[in-house]
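Enquirer: Could you slot chains B and C onto chain A? The hints should help.
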Amino acid sequence: MTKHATTALAFCLSFALPAAAFADWQPNRPVEFVAAAGPGGGTDTFARVVQSALSKNELLTTPIIVTNKAGGSGAETFVYAKTSPKDPYKLFFGTQDAYVLPLASKLSYDPSKDLTPIAALVFDPFMLWVNPKSSGIEDVKGFIAKAKENPGKLKVGGAKAKEADETLMTLIEQAAGVDLTYIPFKSGSEAAIQVAGGHIEANVNNPAESVEQWKAGVQKPLCVFEDARLADKTVIADGKSWNDIPTCVEAGLDIKSFAQPRTVWMAANVPPEALAYYTQLLQKAAAAPEFVAYAERGAQIRKVLVGEEFKAFIAQHEASYRDMYKRNGWLRGEK
Amino acid sequence: MDISRPTMEVATASATALIGAVVCYGALQNGISWADGAPQPGYFPFYIGCLIIFGSAVTAVQTLIRRDGETGAFLDGARLRTVAAFFLPIVGFTLISGFLGLYIGMAIYVFYAMLTAAKFRLHNAALTALVVVVVNFVIFEKLFTVPLLKGPVLEYFGIY
Amino acid sequence: MGNFGQLMDGFAVALTAHHVLIMIVGVLLGLVVGVLPGLGAPNGVSLLLPLTFTMDPISAIILLTSMYWGALFGGSTTSILFNIPGEPSSVATTFDGYPMAKQGQAVRALSLAFSSAGIGALTGVIVITLLSGWVAQFAMRFGAAEYFAVYFMAFASFIGMAGGSPFKTLVAMMLGFAAATVGMDTISGESRLTFEFDELIGGISFLIAVIGLFGLGELLLTMEEGLKFEGVKAKLDLRTIFRTVAEVPRYWATLVRSALIGCWMGITPGGPTAASFMSYALGRRFSRRGRHFGKGEPEGIIAPETADHSAGSCALLPMLALGIPGSATSAVMMGGLMIWGLSPGPMLFTTQPDFVWGLIASMYMGNIIAVVLVLATVPLFAYILKAPFTVVGPMITVVCVIGAYTVASHTFDIWLALLFGLAGYVFKKLDYPLAPFVLAMVLGDKAEDAFRQAMLTSDGSPAIFFSNGLVSTMMGLGIFLLLLPAITALAGRIRSGAHKAEAA
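Going down the list, the sequences are from chains A, B and C. Per the numbering used here, residue 2 is the first one in the first sequence, and the count goes up by one each step. Per the numbering used here, residue 5 is the first one in the second sequence, and the count goes up by one each step. Per the numbering used here, residue 89 is the first one in the third sequence, and the count goes up by one each step.
Bound conformation, chain A alone:
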């Protein structure tokens, strides 16, 4: 009996030992990148840009497989994370959705228990856009005036319901004291085209989704929801650059920073060595030329958060969303 026990112990040890020698952890099989968005969506592009930055610069030599789990506004991705705990070969790509989705819907994962945060690699600013020709709105003052004249008649589009876009729209309503109607679309680009075609008056989204419409003269940015103007001074359209777009506070709409982090997660209880490895790896990816070019194209704010700093950001960001959701009556169980 004891003999069996010792062999069993030796057997277990033989498995445990390599783990102890794992200080320098390296993946030795394909790594799966799970994107919480459908193909072509913002998070999908994010995951694939990281993939290309890693494989082109040979930062990660094992194959990388990108899969899309967009169901339930991306919740499918994080539920999937819950079903594969400890798996160091799966990274999950999202936005603030990882911790904001469970605020409004009953979902089976708990972001604080079932996910391990790795990093936020870049932040997407939000802008308020209109079609200057069809709506006759040229600036924020004009927008507010028009909204006050026609309460509830101004249509603002955005991606999906009860997420970043609609939250921001309710912030505009509160800051300006107006009543708008929000119309959800499947994606931000779809909402942008609706504005460009003159079907709705305005939309809020990331600069990248509307920049081509701006160049074509069918959309115009009114203000950026940031504390400071965007840095890029390259002229884009109408002789203006991103830097020429006023912040919303400057333009008379008192909403400060509302950026969307692009985040990467692992499942719960992953080996700390693997976490350390990916933290470093992703920092390298964020500095790679492919990623820099991606961030510049999208007029994104380059700021990398990892470790405790990232955790603190999540706690503060989630709390602010919880507040906003509470005000809008969207919190789960408060219908």
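I should point out that these hints are in silico values taken from the structure, not numbers from a laboratory. Please note: incorrect hints may appear among the correct ones.
Claimed, not checked - Only some residues are given here: those of chain B computed to face chain C with a beta carbon under 10 Å:
hint	residue
1	M12
2	E13
3	L55
4	V114
5	A122
6	K123
7	G162
We treat Cβ as the ideally placed atom computed from N, Cα and C, and that holds for glycine.
Expert: Just chains B and C, lined up with the frame of chain A:
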């Protein structure tokens, strides 16, 4: 055991009506009225559920009224056995795959089907199973890098 | 003729030996992906995407689009031979393709499908060439109400079509709508009909339903009918291929109608799947041999195939010009575009003419290569059919099960496919039509979203559906198509009444 066509008609209509009821119940949880100028999320599903129940009910009643018209067999005993002999191994395949992974499930299923249905010899059936597994492995894992479910056994042997 | 000159420049870009080789490789990979039901074009293209990171954008897009053409053709192959649509858009091809194959004319069915598909694709590319500048402007006019009108027309053309019990049609169609509802609702952000099952939060995949209803369901039927797969009798005669290709121009009316429907649905947000259904339904309505549809009629193959492929080609245009993908596959390609550093949008045509026109030129070449290659595979598939069904059946089962799994890597989906398989078997035996189910599942949630968006835009006034010429015309056409069966029936009754009166 024979199943007559009217029996099956009524059974199917009851099943679809049940789905309709489930849909209605689910829709009620989302709210089914018309609010703020637009329908609530449960509005369409609720009426869809109602229409399913309605259609199913009419089908069932029609069958019962026309009782004497169409009384042919839906499925007689021999055919039922043939269908079951084909379908049950697929269920087994799925069940095994859930625990041991798709490749092992596939191998066992193909081996069994070749042995019983196609009347292959033992080694030919084994060979066919092996070929199917290898071809799928190459296509999915190597060519397109789509990972199929491996299960604990392959995992143990370091195949992922 | 500015477009023509640019197209010639495009040919100069696309017609290098390197690019032709890429096209051949792409088409071949696409054929493999298209034949396997779980993979399909969108998956295949996204799997190839990483390979393109190191290529220049034009070579990359040629590889991806060629794969797309290959996958579209491959999807039709399994539809015809095994009643398993390899692609969602080839579901309608099963309606007549499979019966024809069962009658021992598999080679003819495949040749018909491929040659009409080629014609459809080329029509689509010609439309893109001629109208590229105008389409972006036109597509911009589509708001939520116009989207809804497009879907409404597709439904309306289909409704009067199904024969048999109208109540069974109703049940089938509504079940399709219900299946499309499962999952997260775009407009409210609430989950519907998921009953808190994690597996259902992503909704019920259309592919799972199709693999079950058509693939597994048909296998069960074939088993029951005594293990016979009539395709066995298919004689492999290479001359059949040429004879069939020569036969195609005879159906010019169906070709023209279907290509027009396809281009329309590709440019507007309808997409290839809806296009093939609508084209099939209208073919059945307007063809002289419409009554024979569903029994292996050549026009029943030509109509959906032509429309599917012309829509598939045209769907690339809104993707390039607006950044709004017209199909699942073009959504993946759009992702690729952004990673290569190109921004799809109205300015792409002026800022990247080499890329755009190189791509359009490659579409001519790629489709011709695809038709030739796919016709060359016909003998191979005919050979597979010679194997006894007891061997082929389990193999198809394996393909179906793997296909169900690869859709989302869920074991649950395999069970769901088995359930759909049983349902498909019972429904077929009891004469429930499957086509309305499939159409409702494809378009149901999109139509609902568009309707609710339109209602929000108009503050609840239905007048928005008749607020301008475009949307009124589409709604009017839709209503006309909806009432057409009733009108023809009424006209027939009056005429026969008149006959009786004369006789009396």
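Enquirer: The structure should be examined with respect to each hint, and the outcome stated for every one.
Expert: We went through each hint and held it up to the structure:
no.: 1; hint: M12; verdict: holds (6 Å)
no.: 2; hint: E13; verdict: holds (6 Å)
no.: 3; hint: L55; verdict: holds (5 Å)
no.: 4; hint: V114; verdict: holds (6 Å)
no.: 5; hint: A122; verdict: holds (4 Å)
no.: 6; hint: K123; verdict: holds (8 Å)
no.: 7; hint: G162; verdict: violated (21 Å)
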